[in-house]
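Line order of the protein sequences matches chains A and B.
Counted from 1, the first sequence has number 199 at position 199 by UniProt numbering; the numbering is strictly sequential.
Counted from 1, the second sequence has number 324 at position 324 by UniProt numbering; the numbering is strictly sequential.
Just so you know, the hints here were simulated from the structure itself, not pulled from any lab data.
Every value quoted in this text rests on a predicted model; they were computed, and no experiment measured them.
You may find that some hints are simply not true.
One copy or two, either will do: identical chains are not told apart, so a pair holds if it fits within one copy or between any two.
[Claimed, not checked] Think about it this way: if two alpha-carbon atoms lie no more than 25 Å apart in a straight line, the pair counts; the simulated PhoX-like pairs of lysine-lysine are:
| id | residue 1 | residue 2 |
| --- | --- | --- |
| 1 | K279 | K301 |
| 2 | K233 | K337 |
| 3 | K93 | K275 |
| 4 | K222 | K160 |
| 5 | K122 | K279 |
| 6 | K178 | K233 |
| 7 | K6 | K122 |
| 8 | K135 | K122 |
Spelled out from the first residue to the last, the chains are:
Protein chains: 2
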Amino acid sequence: MVVMRKPVPVEEAVNNVMEYSKTGGSEFLSIERCDGRRLAEPIITKHPVPPFDKSPYDGFAFHSRDTKYASTTEPVEFEVVEHIGAGNVPKKKLTMNQATRIMTGAQIPDGADCVAMFEICKQFERDGKPYISLKRKMQQEENVVHKGSEIDQGIELVAKGTVINPGVKALLATFGHKSVHVTNKPVVGIFATGTELLEVDEELEPGKIRNSNAYMVMSQIKRAGGEPHYFGKLVDEFESSYKSIKDKLDKVDFLITTGGVSVGDFDLMPAIYEKLHAKVLFNKVAMRPGSVTTVATVGDKLLFGLSGNPSACYVGFELFVRPLLQRFLFNETPFLKRTKARLAEDFPKPNPFTRFVRGIIFIENGQVFVRLAGIDKSNVVTSLASTNGFMVLPGGTRGFTKGSQVDVLWLDENQGQDTF
Amino acid sequence: MVVMRKPVPVEEAVNNVMEYSKTGGSEFLSIERCDGRRLAEPIITKHPVPPFDKSPYDGFAFHSRDTKYASTTEPVEFEVVEHIGAGNVPKKKLTMNQATRIMTGAQIPDGADCVAMFEICKQFERDGKPYISLKRKMQQEENVVHKGSEIDQGIELVAKGTVINPGVKALLATFGHKSVHVTNKPVVGIFATGTELLEVDEELEPGKIRNSNAYMVMSQIKRAGGEPHYFGKLVDEFESSYKSIKDKLDKVDFLITTGGVSVGDFDLMPAIYEKLHAKVLFNKVAMRPGSVTTVATVGDKLLFGLSGNPSACYVGFELFVRPLLQRFLFNETPFLKRTKARLAEDFPKPNPFTRFVRGIIFIENGQVFVRLAGIDKSNVVTSLASTNGFMVLPGGTRGFTKGSQVDVLWLDENQGQDTF
Chain A
1 MVVMRKPVPV
11 EEAVNNVMEY
21 SKTGGSEFLS
31 IERCDGRRLA
41 EPIITKHPVP
51 PFDKSPYDGF
61 AFHSRDTKYA
71 STTEPVEFEV
81 VEHIGAGNVP
91 KKKLTMNQAT
101 RIMTGAQIPD
111 GADCVAMFEI
121 CKQFERDGKP
131 YISLKRKMQQ
141 EENVVHKGSE
151 IDQGIELVAK
161 GTVINPGVKA
171 LLATFGHKSV
181 HVTNKPVVGI
191 FATGTELLEV
201 DEELEPGKIR
211 NSNAYMVMSQ
221 IKRAGGEPHY
231 FGKLVDEFES
241 SYKSIKDKLD
251 KVDFLITTGG
261 VSVGDFDLMP
271 AIYEKLHAKV
281 LFNKVAMRPG
291 SVTTVATVGD
301 KLLFGLSGNP
311 SACYVGFELF
321 VRPLLQRFLF
331 NETPFLKRTK
341 ARLAEDFPKP
351 NPFTRFVRGI
361 IFIENGQVFV
371 RLAGIDKSNV
381 VTSLASTNGF
391 MVLPGGTRGF
401 TKGSQVDVLW
411 LDENQGQDTF
Chain B
1 MVVMRKPVPV
11 EEAVNNVMEY
21 SKTGGSEFLS
31 IERCDGRRLA
41 EPIITKHPVP
51 PFDKSPYDGF
61 AFHSRDTKYA
71 STTEPVEFEV
81 VEHIGAGNVP
91 KKKLTMNQAT
101 RIMTGAQIPD
111 GADCVAMFEI
121 CKQFERDGKP
131 YISLKRKMQQ
141 EENVVHKGSE
151 IDQGIELVAK
161 GTVINPGVKA
171 LLATFGHKSV
181 HVTNKPVVGI
191 FATGTELLEV
201 DEELEPGKIR
211 NSNAYMVMSQ
221 IKRAGGEPHY
231 FGKLVDEFES
241 SYKSIKDKLD
251 KVDFLITTGG
261 VSVGDFDLMP
271 AIYEKLHAKV
281 LFNKVAMRPG
291 SVTTVATVGD
301 KLLFGLSGNP
311 SACYVGFELF
321 VRPLLQRFLF
331 NETPFLKRTK
341 ARLAEDFPKP
351 NPFTRFVRGI
361 IFIENGQVFV
371 RLAGIDKSNV
381 VTSLASTNGF
391 MVLPGGTRGF
401 TKGSQVDVLW
411 LDENQGQDTF
């Protein structure tokens, strides 16, 4: 039997696990299907932006030197020799006192170096030809957006590992990426253990509860960018459980079991680790909930033994599994965002060990606050629905009072509000 | 021609559009596939949680009255008559001085009213039968988690319209929802306009740029919970453009056009609105960027004319389209989260109109800050990639200095960090 059971500080445990992190491969996806995935290569500007000198307004383009002597009493006149919209390339090179009618975004014609907005130009006809007159002097380059003024060619604009959001998508389109290399989703297998567990579609029986952990963890895996594979419940028999785990380890990037990691009479996992010749990194963490969280390596695979208690399981996933999935996806910031927050209520319980309390993070007057998401016992599942972060209460502290500053870890941010 | 062009204050414009909001239908999805969708019905507890009295520890269950006279000098003895793990239902009803060996999560046997942890029980055998002895008095109900102590039956636990996150998923599984009613994704059609636009897989040509807006908006639609349908570019001819729009209006819940809403010579949209007998809610908003944003109704359909400028298009979508998609999805908080934040840098530009500046919201020492995401011109696409929120700078204000408090709208929250 694996003994240990020496509680490891949580930071040490996390850093220990991260030493076994690895990055995954990549695949080529069409631009339509890449949302939310991570770039497997940086976006580099393939051409200057804008790719040509363009007009920021609707107006008339001409050369500024022709307006040198323009004034309210002596307006200068231009013959309008061409009329172009955005996308229509100017064909005529302008000579003295010639202008081109030009739309926003259109290319500045040769021979022009400025654009006068419609509003300051008087339009008229003479001998059936269009003309404009202008009563002021224009500056060289006035109202011209220069080629490359936004960004030059060959610049790294978005780093490898960045999530593809709408802005990144716009850049992919701008530079002609009909398809894009994105990082592969890590495949994460899940086994549930526990004879008390019914499947989700089974009727409740005395002494039994439905398996909620496997579905919760599948959802956490998806949120963390992975692809969950639920292999069902391990049967309550050592040899076949061992075989199931050994067999599936080769088929996944990471393997999670829920339950069975305590020292209870029916907890099979410790013996399975031994028979797998697993290197157990730790099997007790100085934290609540989730103290029995176990992480082991078998060859190059990581095996996570999460607690069977829903909240302990949830916390164990976010602290130990999520950063590895994020690293697999090339995320350079794989850890949950940690900030300070003020407690919106008292938390009188003392904390012999570092405690990760299910919380609701919210903002008031530009200040981050956190309150309890519900009853904080590790067996409580109902408060997880509203949890959007953890309070981190250090071990060895007495309770905390309202207004105290604590650390919070941000889980997700899906909150809107009911007015604009 | 539709005239108007009277700038409407942005709050008025948003509220005006929201009067035309409608909620969508629902569909039945398997629990495995419902992540990130919104509940079309509340989750109501179908049974008490926990569904039976259970043990929070590994230990021995018995009746506390038998320990009434127990002490270090006079330990009380129990015969261990049964041994149950979680999920194994106790079969024996305990009588005086009988105990059941019980695992965490297991049902408390009849005749017992407390659980003593292993650590305080001395185990021994007598006549080949297992016994324990105990040196202290136990309280009635000590270490018993009561049926319904977490939550009772028939309680609404999660409201209709809530996003299905891992915690909600756990509750769905707990209460046996193998499938779940989720709200339908609104189908949002997109037409791009602009002769200067090349498709994403076309080579760059003089005077032309690739169509980035359509891809950006498709991604915004997905982020907002909708299903984008890109119908391609409207040809630069009035009659066929009109027909395309009229034809597709029936096939979508909302229709977006990008570009063509200005008063430029090649902007077809105003005339198309007229021919559609559209009710134009507004065609000019007192904001930057996105002042030309137009919203119209045709029958019961909403038609959004977003600007052709990438940033104006982006802002127009988030302010006017997103809340309608969220409402369609039954979200009671359809608007972007708005909080206060401190400016991390000067913003010297005056703001004749309300300005939505692409920003990066971040938190330092529990305080929300915002800095510019990049060059803030409406034609600039490169800064959208890092944008995670907008600064809202009210119209009629001069510049703002570093440290000023401003409003920010939160777009998404995908930031991690590089250490635990």
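### Query
Which holds for K122 with K279 at a C-alpha limit of 25 Å: within a copy, between copies, both or neither?
neither (83 Å within a copy, 33 Å between copies)
### Task
Go through the copies and call it for K135 and K122: within, between, both or neither, with a Cα cutoff of 25 Å.
within (9 Å within a copy, 104 Å between copies)
### Message
Please sort K6 with K122 into within, between, both or neither, judging by C-alpha distance up to 25 Å.
### Response
between (86 Å within a copy, 24 Å between copies)
#### Entry: 25 Å Cα threshold - placement of K301 relative to K279
So K279 and K301 pass the 25 Å test inside one copy only (10 Å; across, 61 Å).
### Message
I want to check one pair: K93 and K275. Are their C-alpha atoms no more than 25 Å apart within a copy, between two copies, both, or neither?
### Response
neither (82 Å within a copy, 38 Å between copies)
### Query
What label fits K178 with K233 when the C-alpha limit is 25 Å: within, between, both, or neither?
So K178 and K233 pass the 25 Å test across copies only (16 Å; inside, 42 Å).
### Message
Regarding K233 and K337, is the shortest C-alpha distance of 25 Å or less found within a copy, between copies, in both, or in neither?
### Response
neither (33 Å within a copy, 41 Å between copies)
### Query
How do K222 and K160 come out at 25 Å by Cα distance, when the copy is not named: within, between, both, or neither?
For K222 and K160, the Cα distance is within 25 Å both inside one copy (21 Å) and across copies (22 Å).
When held up to the earlier numbered hints, the structure conflicts with 2, 3, 5 and fits the remainder.
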